[in-house]
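**Student:** These protein sequence lines are chains P and S, in that order.
Take any residue in the first sequence, count from 1 to its spot, add 22: that is its number in this note's numbering.
Take any residue in the second sequence, count from 1 to its spot, add 1: that is its number in this note's numbering.
Keep in mind that the hints were calculated from the coordinates and are not lab data.
Here the structure is a predicted model, which is why all the values come from computation and not from measurement.
One or more hints might be untrue.
Calculated lysine to any residue pairs in the SDA-like style (CA-CA distance at most 20 Å, straight line) [to be verified]: (1) S/116 / P/159; (2) P/178 / S/64; (3) S/37 / P/166; (4) P/82 / P/54.
Chain S is faced by these chain P residues, among others (derived, beta-carbon under 10 Å) [claimed, not checked]: (5) 80; (6) 148; (7) 152.
Beta carbons: idealized from backbone N, C-alpha and C, even for Gly.
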Amino acid sequence: MKENCKLKECDPILLCHYFDRELGPEDKEKVDEHLKDCPSCQKTLQDHQIISSHYKADLKTKLARTNFESLEQSVLNRVRDRRVFGWTNISSLLFLKRFYIPATAVAAALVIFFSVMFYPASPSDPSAIVTSLSGQISSVMIFETPNTQQTILWFKEELPLNGEDNAQDI
Amino acid sequence: MVKIMRKTFSLLLLFVFVGIMVNSVWAGSRVKIDVKTVLASQQSTFFDPRLSGLIEELRSVFRYTSYRLLSEDRLILGIGETGNVVLPGRRILRVTPIGIRGNRAELRLVILRKKNKIFQTVIRLRNHGSITVGGPRHQKEGHLLLNISNSF
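For reference, chain P alone in the conformation it holds in the complex (with noise of 0.2 Å):
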């Protein structure tokens, strides 16, 4: 029954699940069994003994070091730090030169395009300017409205000589 119970040969990873005490009760018993008379399993637990010993010792006189009060101060600034992270970098890049040198500039010729192309005329303008005129017209009047300066242009047509003068709806 006892030899049912022992590892038939050396298994390093149910070894180290049994270092970390993550057996059940009949694998434990195992590999208990099995320590007894293997010197290389021994070996190897006694090196895993070492190792986290060495390990806990250092880890021990780091938290002994530690300041736990400031590492909570950091922990909550970098919190703070992201959420404010868009309002900060939003306002540090707009005083930035690099940031509203260009900008300006884009913005000026913005501004210069937009007011070349859009920008309506004066109203005291006219609306149209005339800048040639020729036909068969006996006389022509160019004038504006009192209102919104609308340019009217008037012109007589001259009478036709085969008598067409009201020439008729198509």
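Knowing the structure of chain P, use the given hints to seat chain S on it.
**Tutor:** Relative to chain P, chain S alone:
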């Protein structure tokens, strides 16, 4: 992080600027022209409700008692492209945008009657402005008024 944001923002500004420029140049190369053909006469008293804004202006300079909208045409023309509007009395109005200078479009207007050029003018029309060309007689007591407006 700030560098990335700065680069992204600069790129965004550049794209917006280039986009606006391209859109403006593309849109600016075409001129939208609306032509309202109005019959003005003293034979009756009628003010076409479709001309409410225009009639007010026309009445400040003309003494007609009737303003009737005969037709309304829209032309969308590129620079150098010619569009025709058929007018009553076998007349045709030919409109050709010659160019755009600042806030004005330079337009050539030609009125033909039976293939004869009876009137020709070149005007510089303010963007979203209008000109009224009048004079051609129509029917016994009426005159045609062509209200030409543009936008680009």
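**Student:** Where does the structure disagree with the numbered hints, that is, which hint numbers, in rising order?
**Tutor:** Numbers 4, 5 - these are the hints that the structure violates, sorted from lowest upward.
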